[in-house]
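Asks: With my numbering applied, the sequence shown covers 790 to 1013.
In short, the hints are calculated from the structure, not lab data.
Errors might be hidden in some of the hints.
In silico DSS-like cross-links for lysine-lysine, where the CA-CA straight-line distance does not exceed 30 Å [stated by the list, open to error]: (1) K883 / K979; (2) K888 / K837; (3) K837 / K807; (4) K856 / K962.
Label pairs and their computed distance ranges (CB to CB) [unchecked claim]: (5) D903 / Y799: 20 to 26 Å; (6) D903 / D839: 41 to 47 Å; (7) D843 / R911: 40 to 46 Å; (8) R911 / A835: 24 to 30 Å; (9) V808 / T878: 15 to 21 Å; (10) R818 / Q949: 25 to 31 Å; (11) N921 / G984: 24 to 30 Å; (12) G1001 / D903: 48 to 54 Å; (13) K883 / Q949: 14 to 20 Å; (14) E797 / L966: 34 to 40 Å; (15) D810 / N946: 20 to 26 Å; (16) N926 / H832: 22 to 28 Å.
Think of the CB as a built atom: it goes at the ideal place given N, C-alpha and C, for glycine as much as any other residue.
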Amino acid sequence: QMIKYDKEFYHKIVLHPKVMDFSYFATSRLYFHHHIEYQGLQHFVALKCDFFEDLIKVFYSNLRVSKAGFLYSDVNKTKIKIKPSNWLTLAGLKYHGQKLPFPDIPEEMQFDRDIALTSMIRPELQGQNVINVGSLNINDRLLHYVYVHILAPRSSNFSQLLQEDIFVLWALKNNILINWSHYIMQHMVKCKDNGMSLPYPILNSRILVVSGIDLSIDVAVELG
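Could you put together the complete structure from these sequences and hints?
Replies: Given below as structure tokens:
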């Protein structure tokens, strides 16, 4: 375990988290947050706590997810097992909804990229082949921000509209109920397996706490 951690994960970057003040937007004239609320994500996007970077790196070094939706890891000789039913207590998420199969999109979902983009681009930019986050209307731009910084965090390319971004925003706007517990675990594995920065430090730290990991052996990073 330690050899694998030293070689592959010691120098990995843990993404510092963003937190959404859901109550602030709930009193605004914007409506993007209604899509977040429909998905049952209002608790998850507002999670706050200190996080522990070295322990999180060890957590990721031993992370695996079973086909049945169980999350496993091993930190400081303590085995971690998160069942699908644990997600409600852990992050306010129910383990139900559509398991998004991206990049393989089933025909029955009837996703049309061009139609989806047209619904997001500001009127004055329609037909100009300008495809970036700056071309989106304000509600879709904010929805994209929540997606790339909280729901599926990444370390760069924030101004780009990737194919998966367009697909997920389309699903959110069309009230397709997504299994976010499953999606988050798949994103964890994707980041681990592809040498990407490590996401979800707040969620990871909550997993460490409920699993009984001794946090005193690491230095807490406070949200700034």
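Asks: Indicate, hint by hint, whether the structure satisfies it.
Replies: Going through the hints against the structure:
1. K883 / K979: Given that 30 Å is the threshold and the Cα spacing comes to 21 Å, the pair holds.
2. K888 / K837: 26 Å, holds
3. K837 / K807: With Cα atoms ~9 Å apart, K837 and K807 stay inside 30 Å; holds.
4. K856 / K962: 28 Å, holds
5. D903 / Y799: 20 to 26 Å: 44 Å, violated
6. D903 / D839: 41 to 47 Å: This hint holds: roughly 44 Å between Cβ atoms.
7. D843 / R911: 40 to 46 Å: For R911 against D843, whose Cβ atoms are near 44 Å apart, the range 40 to 46 Å holds.
8. R911 / A835: 24 to 30 Å: 28 Å Cβ-Cβ, so the 24 to 30 Å window holds.
9. V808 / T878: 15 to 21 Å: Taking Cβ atoms as reference, V808 and T878 lie about 19 Å apart, which means the hint holds.
10. R818 / Q949: 25 to 31 Å: Since the Cβ atoms of R818 and Q949 sit about 28 Å apart, the hinted range of 25 to 31 Å holds.
11. N921 / G984: 24 to 30 Å: 25 Å, holds
12. G1001 / D903: 48 to 54 Å: Hint holds: Cβ distance 50 Å, inside 48 to 54 Å.
13. K883 / Q949: 14 to 20 Å: Hint violated: Cβ distance 31 Å, outside 14 to 20 Å.
14. E797 / L966: 34 to 40 Å: 36 Å, holds
15. D810 / N946: 20 to 26 Å: 25 Å, holds
16. N926 / H832: 22 to 28 Å: 27 Å, holds
The structure is inconsistent with the numbered hints 5 and 13, although it conforms to all the rest.
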